[in-house]
Each structure stands twice: as structure tokens, then as C-alpha cells.
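Asks: Here the protein sequences line up with chains A and B, keeping their order.
Residue numbering for the first sequence follows this note's numbering, beginning at 42 and increasing consecutively.
Residue numbering for the second sequence follows this note's numbering, beginning at 23 and increasing consecutively.
It cannot be assumed that every hint is accurate.
Result set (SDA-like, lysine to any residue): computed pairs, CA atoms no more than 25 Å apart in a straight line [said to hold, decoys possible]:
id, chain 1, residue 1, chain 2, residue 2
1, A, K294, B, K268
2, B, K270, A, E344
3, A, K219, B, D157
4, A, K227, B, V184
5, B, K239, A, N332
6, A, K227, B, A173
7, A, K296, B, A273
8, A, K240, B, G271
9, B, K239, A, R128
10, A, K327, B, A249
What follows is a set of in silico ranges between Cβ atoms, one per label pair, in the way DEER data are often shown [to be verified]:
id, chain 1, residue 1, chain 2, residue 2, range
11, A, K294, B, E87, 39 to 45 Å
12, A, T324, B, E168, 39 to 45 Å
13, B, K127, A, E198, 47 to 53 Å
14, A, D232, B, S189, 29 to 35 Å
15, B, E250, A, S43, 45 to 51 Å
16, B, A72, A, P228, 24 to 30 Å
17, A, M209, B, K187, 27 to 33 Å
18, B, A226, A, E124, 36 to 42 Å
19, B, Q218, A, S43, 55 to 61 Å
If you're looking for bench data, these hints aren't it; they were derived computationally from the structure.
Note that this is a predicted model, so its numbers are computed, not measured.
The beta carbon of each residue, even a glycine, is placed where N, CA and C say it ideally should be.
Residues per chain, in single letters:
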Amino acid sequence: MSNDVFVITEHMDGKFSDVSFELVGKAKELAKAWGGQAVAVVVGSGIASNVFASDSTIHIDDAALSHFNPEAYGKVVEALVKERSPRLVMFGWTVTGMDMAAWLSARLGVACAAYVKNIGADLTMSCAAYGGKLTAEVAPEGGMAIAACLAGSFPVEAGQGSTAAVTMASPVDLNSLKMKFVEATKPAGGDVDITSQTKLVSIGRGIGGKENMELAEELAQKLGAVVSASRPVVDAGWLPRTRQVGKSGLKVKPKLYLMLGISGAPEHLEGMQSAELIIAVNTDKKAPIFNVAHYGATADLFEVAEAMVELL
Amino acid sequence: MNIVVAIKHIPSIADDLPVKGNNVDFDSVDFVLNEWDEHSIEQAVLIKEAVGGTVTVIGVDLIGELDNALHLALAKGADKVAKITADDPAADSHTQAKWLAEAVKGMGADMVFAGVQASNDIDGQIGAMIAAYLDMPYIGGTSAIEVSGSAATVSKEFPGGVGMKYSITLPFVAGVQSAPKPPRYAPVSKVRQMAQTATVEKIAPTGEASSGLAFKKMAPPVATGHAEMIEGSSKEVAAKIVELLKSKGLA
Ligand SMILES: Cc1cc2nc3c(=O)[nH]c(=O)nc-3n(C[C@H](O)[C@H](O)[C@H](O)COP(=O)(O)OP(=O)(O)OC[C@H]3O[C@@H](n4cnc5c(N)ncnc54)[C@H](O)[C@@H]3O)c2cc1C
Ligand SMILES: Cc1cc2nc3c(=O)[nH]c(=O)nc-3n(C[C@H](O)[C@H](O)[C@H](O)COP(=O)(O)OP(=O)(O)OC[C@H]3O[C@@H](n4cnc5c(N)ncnc54)[C@H](O)[C@@H]3O)c2cc1C
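Generate the whole structure from the sequences, applying the supplied hints.
Replies: Structure, rendered in C-alpha cells:
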């Protein structure tokens, strides 16, 4: 085992996501403490990879890797990790990282922590478990570990740089894959763009049913705001996908984010924690959102919303 | 089409989560079905309705209360149910995945579905690990799975409404984010009927795996900040919020 830290970066349409830079920044700090290198790993095809502040960057380049493919990417990362044996492999706990981190852990018999918010130099990892209601501190029993980290846990800037990438061919055969990329689909346009709004009234599962959405709309209208939502509201079909805030939705940064009946799961926080003013109304005084909101009230959303409509 | 759905019974996050030692106090929490398992059951039943086949739902019975969830699955359209009798509320994802993989091995599954994640997946999700233990490919975050012949077309969600479609040769494991339709509701009468008539196959846990993680501490998050709480009746709260917004030029 080396003292290196590998960061499995992620990209779409040639652009790296913020979480990749966040992880590289943290990897540098850990590698420095351990006397190893922070290595950015780019799996893809023809990507400009000299954008990280890593000690080195490896770009595995193959046409078969031009789109994310869990099977292909997983096998490439597995081969690389086996060969180089880093002390820590970091993924984002994202739609791509989630396809590989636990899989790699079981393949290699290496400990894996998910929902990671922070990592100490002794490899103690803090994880946002149980929807963010509890923090688990865990440490690998062996020397090596895999950490799947929540987006937004570390600063982006520390990972930005211009380290030249070393391009390498795939270490595994990519001709006999069982999984093949077919096509990408883009979201349907036409709805309001919640990312450009200054005020959002955001609704969670606490709203209870589609019939109650009218109240949210009415309040939003009075405030000159637009209604956005957590994922369950969208999954239930009460609002279109274009209104979803969070990990698998959109990232928003409005001047006002008024939250009604949203618990504050890590996946939701990823999309809104940098809003300028966050106000949360929730009946559960222990809802994790109160650790993030600027103002909060333990109250019934219907009563508060109705009273606000009357006052505005 | 032979589809196995692996479900996870987890402590309910709607409740308080008391801590005992370095973990949740499993004796004082309610266990519920992982939210995303509802979607994986729905996805499996939709495929069965489209192309025929059998849906088997299997889970690790951690506290001897899984039957309810299994009866519910039958009422929603599953054909068979099985439980791995473990009585170990602290069994981690690696352990559960290993037991499930061993149990699934003999079932001739064309597809294995699991929920994309569970809130107690501190050591990772079981779907991805079942795939690794069965040496099958894994794809998570799925929003639609359609089967035709010996392959499936799988839609995977990416942020901001982007989707990617993959063609996957069977067998494989999927971590289901959502079924193409909201999970159906089973009438209580049907759940009760299943509870009276259904047989739940019992399977002893076999195989060993470990998360390789030592739990050092479990506690509510140390808040770097906490919301300034607005006290009072709902009317007073509303008035104070409106006042606050006005003072900031936001209302
Ligand atoms: C891969 C992946 C991606 C995801 N992406 C996203 C994403 O992009 N966005 C997202 O939001 N989620 C996402 N999720 C889901 C996320 O994990 C949570 O399930 C979700 O955020 C919870 O939404 P919620 O807060 O509305 O519901 P819950 O967690 O069920 O919370 C509802 C809240 O309402 C409160 N409440 C109930 N009744 C009332 C009332 N009358 N008045 C006031 N409060 C009330 C309750 O106390 C509770 O806190 C994702 C999950 C996965 C696995
Ligand atoms: C999202 C969701 C969907 C539901 N769908 C149905 C349905 O289709 N038909 C129906 O009769 N009831 C449904 N329920 C109700 C739920 O199953 C009730 O918890 C159950 O009827 C028993 O309630 P209880 O308070 O007596 O016991 P609880 O202590 O709440 O739970 C008893 C048992 O019910 C099972 N259970 C709890 N919550 C769920 C859940 N979300 N999904 C599956 N199993 C669960 C658990 O295995 C538990 O052992 C749903 C609940 C939720 C949150």
C-alpha cells in the first residue's frame, strides 16, 4: 500500500463537476500529511484534464469510456486501484460514484464509508447517516479505505489548478462489456427556470398531497416567488421534474429559500445550502434542516402558510 | 423473467433515533421498509406485467418483524417472498449483501433489484455489493427498466433532469431510484389476506462479509450553526416571518 490518495473524478459534456475539485483539495491535504501524492483519476475520452491542483493526474482514455458506463468505469478503476494500491480512494457520493464505491469495496474487500462529510488524518470518517439525523464516525480496520463523499463537503478552490495529465490506455479489455451506452436524454424545456429565481417557496413531503399544492402556489404568488420542491414531491407527480432541488435535481442559490415540510436530507442540502436566506418550517424539532437554515420554526406548515397568505 | 427484489428493513428516520454505545439503540426504534424498496418492487411488478415472469421479494429479517413488509410486497404483486432469519439488528450492508447474494445464487435470477440506497448505508449500498458478490454488472439510480429478450434497456438519472440509456445483457443488478410510475397502493384488506394465506420462505444466513469499519461514535450532528428559532403560535410565526422578509426587502 502506498500513501497516495486517489480521487475518481467525474465529468459531463467535458466539464468536471464541483465535487471532483472538492475531493482533490481534500486529497492534497491528506496526502501531504501521509507523505504521499494526491492523484486525480480521469476516466473518459479526449477530456481536457489539466484542471486539477493534484500532485499528478492520470487520464485513462478510450473511446468506449466517452460516456459514463458503470461496468466499464468500475472495471477500469478496479484495475488501477489494484495496481497502485493507494491508501485512500475518494469518490463523490453522486449518481456515478454510488455505482462504483460500494461495488469496489466488495470486489476488493476494502472498507468503504458512504455519506462522508469529513476525513481526519487518522482516516476517521464522519458520515451523515439516517437522513442527516445522526453522524457516524467510522474508521477502517485495515490500512486501505474507500470514501464516498457528499458534494459540498470541502471547498472547491483548493482542488483547482493546472497539473498536466498523463494519458494512459485502458488497463482492462473494454470489448466484451455487458452494458452499452445507448443515448442521453435532456430535460424537456418550457417550464420556469428555478435556478434563476430570486425567491423560492420549496415544498416537501410534509405537504401531504397534490390537493395542498394550491396553498403553496398561493403563498408563492403573494411573495413573488416560484414553487420548487424536494424529490418525493416530484416523484409523486405533484410538480414537474424541472422544479426539483438537490442532488438529482437542480442547484439553486436564491435570495430567499422558504422551506415548508422538508426534512433536510443530505441529497436535498446539496442543492440549496448556499441560498442567501433559508427559512424552514417543520413540525419535527429535530429535523436536520434546522442545522442548516438561518431561521426556523417548529410549526405546522399549513397553519403558517395560510396565515402568511392572509398577511401578505 | 425471473426477478428478485432485495429489500432492506431500516430504522425509521421519522422518529427520534436514540443512540446506545456507538450505534443506534435498535431496541427503541421502529423498523420500516427502505423508501426506495417500494420503487424497486413496483419496477419489478411492472416488468412482470409487461413480459411475464416471477417476482421474488427477499430481505434479511433483522428483528423478527419483516413479515409485514413481505405481505405488503405480495399485496403489491410479488409472487413469492423469503426472509433470511438473522435476528441481528446491527448487520451492516456488507453482511446483508453477502447473505442476500448467497440466497439469490440458487434462484436463477435474470435481474436483481434493490433500492438505490438506504439511510443507514454507512458502509455502502447493498445493491452494488450484491452485484460484486454475484459477479454481475451493477447500475444504480435507475428510473425505468424495460426488458426485451435477453437484454434490458435501462434509464439512469443524472442531475438536472438528464437521463442516460443503457442496453444491458441479462443478468444484472439494478439500484432502483424510482419506478416509471409512483408505487401502487395495496388495500389493507389485501395485505391482511396475504398475511393469512401466504407462506414466507425461511432461509438461514450463509456466507460472511464485513464492512471492515469500526464504529467509533454515533451522535446527532455537531451543528456548525443552528437556525435562529422563531417561537410562538403558527400565526405569530407567520407574522414574524413576514416581518423578517419585509425588513430584508423580500416581501
Ligand atoms: C441518489 C439520490 C438522489 C436524490 N436526489 C434528491 C434531490 O435531488 N432532491 C431531494 O430533495 N431529494 C433527493 N433525494 C431524496 C432524499 O434522500 C430524501 O428522501 C428527500 O430529500 C426527502 O424529502 P422531504 O424532506 O420532502 O421528505 P421527508 O424526509 O419525508 O420529510 C418531510 C418533512 O416534513 C415534515 N412535516 C410533515 N408534516 C408537516 C407539517 N404539517 N408541517 C410542517 N412540517 C411537516 C416532517 O417532519 C419531515 O421533516 C435523493 C435520493 C437519492 C437516493
Ligand atoms: C410510502 C408508504 C407506502 C405505503 N404503502 C402502503 C400500502 O400500499 N398498503 C398498506 O396497507 N399500507 C401502506 N403503507 C402503510 C404502512 O405499511 C403502515 O406502516 C402499515 O400499514 C402498518 O402501520 P403500523 O403503524 O401498524 O406499523 P409500523 O410500525 O409503521 O410498521 C409495521 C410494519 O409495516 C411495514 N412498513 C412500514 N412502513 C412501510 C413502508 N413504507 N413500506 C412497506 N412496509 C412498511 C414494516 O415492515 C413494519 O414491520 C405505506 C406507508 C408508507 C410510508
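Asks: Does the Cβ pair A72/B, P228/A satisfy 24 to 30 Å?
Replies: Check passed, 25 Å falls within 24 to 30 Å.
Asks: Quickly compare the C-alpha distance for K327/A and A249/B to 25 Å and report which way the hint goes.
Replies: 12 Å, holds
Asks: Please verify whether K227/A and A173/B have alpha carbons no more than 25 Å apart.
Replies: 24 Å, holds
Asks: Can the restraint linking K219/A and D157/B be considered satisfied, given a maximum Cα separation of 25 Å?
Replies: Status holds; Cα separation ~12 Å.
Asks: Determine whether the Cβ-Cβ distance between D232/A and S189/B falls within the hinted range of 29 to 35 Å.
Replies: 30 Å, holds
Asks: That 55 to 61 Å hint for Q218/B and S43/A (C-beta), does it hold up?
Replies: 60 Å, holds
Asks: Between K239/B and N332/A, is the straight-line Cα distance small enough, at 25 Å or below?
Replies: 19 Å, holds
Asks: K227/A and V184/B were given as a pair; does the straight-line alpha-carbon distance stay at or below 25 Å?
Replies: Holds. K227/A to V184/B sits at ~5 Å (cutoff 25 Å).
Asks: Given a hint of 27 to 33 Å, does the C-beta separation of M209/A and K187/B actually sit inside it?
Replies: 29 Å, holds
Asks: Straight-line Cα separation of K239/B and R128/A no greater than 25 Å?
Replies: 23 Å, holds
Asks: Taking 36 to 42 Å as the stated bounds, is the beta-carbon spacing between A226/B and E124/A within them?
Replies: 39 Å, holds
Asks: What's the verdict on K240/A and G271/B, does the C-alpha distance respect the 25 Å limit or exceed it?
Replies: It holds: about 11 Å lies between the C-alpha atoms, which stays within 25 Å.
Violated hints: none; the structure is consistent with every hint.
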